[in-house]
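If you read the protein sequences in the order shown, they are chains A and B. If you use the numbering used here, the first sequence corresponds to residues 1 to 129, in order. If you use the numbering used here, the second sequence corresponds to residues 1 to 162, in order.
These aren't lab readings, by the way, just hints derived from the structure by calculation. Glycine included, each C-beta is placed from N, C-alpha and C at the ideal position. A couple of the hints might just be wrong.
These stretches of chain B come out as covered by chain A in the derived footprint (C-beta under 8 Å, 3 or more residues) [unchecked claim]:
id, segment
1, 31–41
2, 115–127
3, 134–141
Some chain A residues flagged as far from chain B (calculated, every beta-carbon gap over 10 Å) [claimed, not checked]:
id, residue
4, M1
5, S36
6, G44
7, E55
8, I58
9, A67
10, P69
11, L78
12, R95
13, G100
14, Q110
15, F117
For the chain A half of the interface with chain B, some residues (derived, Cβ under 10 Å), not all of them [unchecked claim]:
id, residue
16, Q20
17, V27
18, L73
19, F99
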Amino acid sequence: MTAMVDVAFLLLIFFMSTTQFKPPEQVSVTLPESGSEIKVPATGLIVLTVNKQGEVFIGDESGATAAVPKGELNQAILNMRTRRPLAHIIVKGDRAADFGAISDVMDALQETETNRFNLMTEARADRGD
Amino acid sequence: MAEVETKEREAKGGTGLRRPKRRTGVRQDMTPMVDIAFLLLIFFMVTTVFRTPQAMEVNLPPDESVEVPESNVMTVYVDRNSQLSYRMGTGPLLPIQRKDLRRQFQDQARLNPDLIILVKVDRKAKYEDMVNMMDELEFANMERFSLVELTPQEAEELMGMQ
Numbered sequence: 001m002t003a004m005v006d007v008a009f010l011l012l013i014f015f016m017s018t019t020q021f022k023p024p025e026q027v028s029v030t031l032p033e034s035g036s037e038i039k040v041p042a043t044g045l046i047v048l049t050v051n052k053q054g055e056v057f058i059g060d061e062s063g064a065t066a067a068v069p070k071g072e073l074n075q076a077i078l079n080m081r082t083r084r085p086l087a088h089i090i091v092k093g094d095r096a097a098d099f100g101a102i103s104d105v106m107d108a109l110q111e112t113e114t115n116r117f118n119l120m121t122e123a124r125a126d127r128g129d
Numbered sequence: 001m002a003e004v005e006t007k008e009r010e011a012k013g014g015t016g017l018r019r020p021k022r023r024t025g026v027r028q029d030m031t032p033m034v035d036i037a038f039l040l041l042i043f044f045m046v047t048t049v050f051r052t053p054q055a056m057e058v059n060l061p062p063d064e065s066v067e068v069p070e071s072n073v074m075t076v077y078v079d080r081n082s083q084l085s086y087r088m089g090t091g092p093l094l095p096i097q098r099k100d101l102r103r104q105f106q107d108q109a110r111l112n113p114d115l116i117i118l119v120k121v122d123r124k125a126k127y128e129d130m131v132n133m134m135d136e137l138e139f140a141n142m143e144r145f146s147l148v149e150l151t152p153q154e155a156e157e158l159m160g161m162q
């Protein structure tokens, strides 16, 4: 029994030290699934969140976000990029959001010459075949 | 397990007035501690997230238009009810299921290596539809495609078809 307790504590310490609690999310988003295999980097992100209702939020990887009023998206993206020029741009859209809302965000990115960005998705186990 | 060996204390002074008390081994019940340990273990195992979110790479071209012959264009429509249909060049509009899409892309690309895929999505369609579409294109090794919104007229036309 001592051996079992030892192992249990070892595992306990391992999981306690490796657990990283997710930063509390201000905007809850259910990500769509994709077969893409690129990992989202953990730091240096500009996250554009689009919720189910199509509202847009801008923030960083810490989960802190600020709502962006309609029509001020271009300016918000430019501000954020000037502040953090090396950050990756991630679009985090809810799977049930209207395509129009995402399309507007992508248009704004194109207008601000942010031609390279990533769409955050959840891993899909199968490839659909 | 948890026996603590206690050495019997030698009687001091050696007068032998009191016989040293025979101590039995102390038994410590470890069950509650083990219970707590396992409880915490299970908690941390369950809450640990190993799966980090994935990313799809998007590279937008600089804002400029390119002219392509219509015969090289395959247009895939996604309407607001997530129904798919496609059209080759100026051909008739044909409905298609999502699972047949990949095969269709591959077949058409084999027939025409210059094929350009145009994905037209209704503004009221879901974002998930768009991601699924991009996924299918990626599986079919179509790295280059064009994604546009349906004009209101086209959207009406599509809805009228059903």
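Going down the list of hints, with the structure as the test:
1. Restraint check on the segment 31–41 of chain B versus chain A: 6 residues with Cβ-Cβ distances below 8 Å, three needed, restraint holds.
2. Here's how the segment 115–127 of chain B fares: 7 of its residues keep a CB closer than 8 Å to some CB of chain A, so the rule of at least three is met and the hint holds.
3. Coverage of a stretch by a chain is defined here by at least three residues with a beta carbon nearer than 8 Å to that chain's beta carbons; for the segment 134–141 of chain B and chain A the count is 5, and the condition holds.
4. With a least beta-carbon separation of about 5 Å from chain B, A/M1 fails to lie farther than 10 Å from that chain, contradicting its non-interface assignment.
5. For A/S36, the condition that its CB be more than 10 Å from all CB atoms of chain B is violated, with the nearest at approximately 4 Å.
6. At roughly 13 Å from the closest C-beta of chain B, the C-beta of A/G44 stays outside 10 Å, upholding its exclusion from the interface.
7. Against the 10 Å criterion, A/E55 stays outside the reach of chain B, whose nearest CB is about 13 Å from its own CB.
8. Under the 10 Å C-beta cut-off, the non-interface status given to A/I58 relative to chain B holds; the minimum distance is some 17 Å.
9. Every C-beta of chain B lies more than 10 Å from that of A/A67, the closest at about 18 Å, which supports listing it as non-interface.
10. For A/P69, the requirement that its beta carbon stay farther than 10 Å from each beta carbon of chain B is met, with the minimum near 20 Å.
11. Distance check for A/L78 against chain B: the nearest CB is about 16 Å away, which clears 10 Å, and the non-interface claim stands.
12. Remark: the non-interface label on A/R95 conflicts with the geometry, its nearest Cβ contact in chain B lying 4 Å away (cut-off 10 Å).
13. A beta-carbon of chain B is positioned within 10 Å of the beta-carbon of A/G100; the least distance is around 3 Å.
14. A Cβ of chain B approaches the Cβ of A/Q110 within 10 Å, the least distance being about 5 Å, so the stated non-interface status is violated.
15. Taking the minimum C-beta to C-beta distance to chain B, about 5 Å, the non-interface status of A/F117 is violated against the 10 Å cut.
16. Hint status for A/Q20 relative to chain B: holds, with the closest Cβ pair at about 8 Å, below 10 Å.
17. Hint on A/V27 is violated. Least Cβ distance to chain B is approximately 14 Å, over the 10 Å limit.
18. A least Cβ separation of about 15 Å between A/L73 and chain B goes past the 10 Å threshold, and the interface hint is therefore violated.
19. Taken as an interface hint, A/F99 checks out: its beta carbon lies about 5 Å from the nearest beta carbon of chain B, inside 10 Å.
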